[in-house]
Amino acid sequence: MTRTILYLGVAALLAALIAFFSSFYFVNQTEEALVLQFGAPQAVVTEPGLHFKTPLAQNVLFFDKRVLLLDAPTEEVIASDKKRMMVDAFARWRITDPLRFYQSLIDHDTAIMRLTPILSSSVRRVLGSQTFAAMLSGKRAQLMVDIKNAVNQDTAGFGITIVDVRIRHADLPQANSLAIYSRMQKEREREAAEYRAEGDETAQRIRARAAREVTVLTAEATRESEILRGEGDAEKTRILGQAYSQDPEFFAFFRTMQAYQDSLGTGGTTVVLSPSSDFLKYFGKGPGGK
Amino acid sequence: MPWTNSSGGNGTGGPKGPWSRGPAPPGGGGPPDIEEILRRGQDRLRRFLPGPGFGTGTLIVAALIVAVIWLLTGIYFVGASEQGIVLRFGQYVNRTGPGMHYHLPWPIETAYTLDVTHQRQINIGYRTAQDTDDATAQEDMPTEANMLTGDENIIDINFTVGWVIRDAGDYLFNVEDPDATIKAVAESAMREVVGRSAFENILTQDRETIQIEVKALMQKTLDGYGAGVTITNVNMQKADPPGEVIAAYRDVQAARADQERMRNEAEGYANKVIPEARGRAARIVQDAEAYRQQVIAEASGQSRRFLSVLAQYRTAPDITRRRIYLETMSGILGTMNKVIVDDSAKGVVPYFQLPSMLNAPRPPAGATATTNLPADLSQGSGQ
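Protein sequence lines, in the order shown, are assigned to chains A and B.
As numbered in the numbering used here, residues 11 to 300 make up the first sequence, in order.
As numbered in the numbering used here, residues 28 to 410 make up the second sequence, in order.
Be aware that one or more of the hints could be misleading.
Said to hold, decoys possible - Derived list of chain A stretches under chain B, where covered just means 3 residues or more per stretch with a C-beta under 8 Å from a C-beta of chain B:
| id | stretch |
| --- | --- |
| 1 | 54-61 |
| 2 | 121-133 |
| 3 | 173-185 |
What the hints assert, rightly or not - Beta-carbon label-pair distances, calculated as ranges:
| id | chain 1 | residue 1 | chain 2 | residue 2 | range |
| --- | --- | --- | --- | --- | --- |
| 4 | A | L27 | B | T144 | 44 to 50 Å |
| 5 | A | S139 | B | E235 | 33 to 39 Å |
| 6 | A | R94 | B | G270 | 18 to 24 Å |
| 7 | A | T56 | B | D167 | 18 to 24 Å |
Stated by the list, open to error - Here are the simulated DSBU-like cross-link-like pairs (lysine-lysine), alpha carbons at most 30 Å apart as the crow flies:
| id | chain 1 | residue 1 | chain 2 | residue 2 |
| --- | --- | --- | --- | --- |
| 8 | A | K291 | B | K247 |
| 9 | A | K93 | A | K196 |
| 10 | A | K92 | A | K149 |
| 11 | B | K265 | A | K196 |
| 12 | B | K210 | A | K93 |
| 13 | A | K196 | A | K92 |
| 14 | B | K299 | B | K247 |
| 15 | A | K149 | B | K365 |
| 16 | A | K149 | A | K93 |
| 17 | B | K210 | A | K291 |
| 18 | B | K265 | B | K247 |
| 19 | B | K210 | A | K149 |
| 20 | A | K295 | B | K365 |
| 21 | B | K265 | A | K93 |
| 22 | B | K299 | B | K210 |
No lab work stands behind these hints, which were simulated from the structure alone.
Small disclaimer: the values here were computed from a predicted structure and weren't measured.
For every residue, glycine included, the Cβ atom is placed at its ideal position computed from N, Cα and C.
Construct the entire structure; sequences and hints are all you get.
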């Protein structure tokens, strides 16, 4: 009997304890809670800390209220000018209305599954309306805002807000990259050839100028030289003319004698003389020769 | 629950969130689940309920010991570079500085410590040995590093981002996986800034500007998330043409050097030939000047000589003429081959063997006739 009472007491205590422990719950700093009563949403608890609920009748769902990740896979996007690019975008979002979120997207994993295609299609739609060049300009920031607004529009009523959409990568497909590499290479080759040609040009210019200067220097020197030589010759003519004009007849004799000496005096010459010549006058006719 | 998968620790060297400190216990799937904890607590409590065979005294002593130990578990230490965060039933209630602190024991309060002064670094475009288990020193990540520039070229950029936790509470509670978020924001910001800059400028003068812009853009974005971090620096480790075309870029440098070299060679040549030509020109002028002075001097010498002889000649013209004539003739004829033919042999045709005459011995070279010449006719005596 007492044993039965003891068992009953213990059972009652246990039941009370279970009721006690299942009547409170913690809401973490990073969470919000949705209280369901027999499955029907009852209340949203945003305040972190210790909270109470009716045991058994109510249960609690927790939702992260931090800024959450949403990463779209890399996708090929065709810009309005038909250029292709590989775009890897990500979004940051948060749950703003746990009740709506629960009703439309249920939980975090389902939400990611539903939101990823929405993000992808918004990326394609917004970027597809732009030229490729717009991606590579100051317009990029505006495009990211446009995508964010588009996603926000598509997810209206889901109880979430897209905080930010950012394009992580926007690159060209491999084939186009190769084309760019080849263009860059060609440009560099052209540049290198240009530098070399310019170097050649400069060198030739410098050499030609040097050659010109050499020729001019030589020519000017020659001119001056001729002038000087002319002056010398003129002076010589003047001096000698002045002297010789004093007795032209003697000059003729004197100068002829000099010329004989210069032209005949070096030997090797044979002369045929007549004994009656002036020089051999005495040789031919004796001391009395006249 | 979202709470449980915070900061997955993808190994970028950043701090671990409080819910995944250190490596996850084997099979443990990470941080404690609060409801799970509660359930375990209930189990544990049930075990202490009075059962058969225990004395009341023993029970009370045991309960006291357990209570004391329980209370002591609330002591925790915050290191010099750390901040302590205290949560009461999951609610953020207090932030503590370095030193020893006490929090109400679990499950009422929990405390986490977080290193806030330590500067953390993310490498983008490459991985160092500490990022991966691989011991190889550095590995390029082309998909991260290669990006499009504003003028549709591709550039290979490696950069690092340094950051610190500004507010431990914001860092822990506002953003899911803050480390991965920072990295994603860094990549996005760098591409945005590079995407509107020209290739050449990134390689050269715009490096500094780009770092500043990326830092500002990252800070703005992360502040928008309330991430509670401060970006301390963005450093471009490398900004190069991609590997596929780097040889062409190096060749451009070589071509620049070639250009310079060709110019220098040509200038060297010019610097050599022009002074040489100048020297030659000076010599030509000097030669001419020498010639001028020479002929003038010679002429004036000849003129004086003639005038001197003339003055004497005038005193005795006939004698002097004859003397000069004879002296000249003796000088000249002394060295000549001479044939004297009498006028009376007019009828006889003189016959000479010309070759033998021509081969006749000549006077030895050098034995010139000058010694025989009259002094007033010998060459050079006027000089």
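Hints versus structure:
Look at the stretch 54-61 of chain A against chain B: 4 of its residues bring a Cβ nearer than 8 Å to a Cβ of that chain, three or more, so the hint holds. Coverage of a stretch by a chain is defined here by at least three residues with a beta carbon nearer than 8 Å to that chain's beta carbons; for the stretch 121-133 of chain A and chain B the count is 0, and the condition is violated. Coverage of the stretch 173-185 of chain A by chain B holds. Counting CB-CB distances below 8 Å, 9 residues qualify, and the rule asks for three or more. Restraint check, L27/A to T144/B: a C-beta distance of roughly 46 Å satisfies the suggested window 44 to 50 Å.
Look at S139/A against E235/B: about 35 Å separates their beta carbons, and that is inside 33 to 39 Å. Roughly 23 Å separates the CB atoms of R94/A and G270/B, a value that falls within the hinted 18 to 24 Å. Look at T56/A against D167/B: about 46 Å separates their beta carbons, and that is not inside 18 to 24 Å. Taking the CA atoms of K291/A and K247/B, the gap is near 134 Å; set against the 30 Å cutoff, the hint is violated.
Taking the CA atoms of K93/A and K196/A, the gap is near 21 Å; set against the 30 Å cutoff, the hint holds. For the suggested pair K92/A and K149/A, the alpha carbons sit about 18 Å apart, so the restraint of at most 30 Å is met. Between the alpha carbons of K265/B and K196/A the distance comes to roughly 23 Å, so the proposed pair stays at or under 30 Å and holds. Pair hint K210/B plus K93/A holds up; C-alpha atoms about 28 Å apart against a cutoff of 30 Å.
Restraint check for K196/A and K92/A: the C-alpha separation of about 24 Å stays at or below 30 Å, so the hint holds. Under the criterion of a C-alpha separation no larger than 30 Å, the hint pairing K299/B with K247/B is inconsistent with the structure, at around 64 Å. Taken as a hint, the K149/A and K365/B pair is broken in the structure, with Cα atoms around 118 Å apart against an allowance of 30 Å. Only pairs whose Cα atoms come within 30 Å are accepted, and K149/A paired with K93/A is accepted, the gap being roughly 17 Å.
With a C-alpha separation of about 133 Å, the suggested pairing of K210/B with K291/A is violated against the 30 Å cut-off. For the hint linking K265/B to K247/B, the alpha-carbon distance of about 24 Å falls within 30 Å, and the restraint holds. Our distance criterion of 30 Å between C-alpha atoms is met by K210/B and K149/A, whose separation comes to about 23 Å. Among the hinted pairs, K295/A with K365/B is consistent with the structure: their alpha-carbon atoms are about 18 Å apart, no more than 30 Å.
The hinted pair formed by K265/B and K93/A meets the criterion: a straight-line CA distance of about 29 Å does not exceed 30 Å. A threshold of 30 Å between alpha carbons decides the hint, and for K299/B with K210/B the separation of about 62 Å lies outside it, so the pair is violated.
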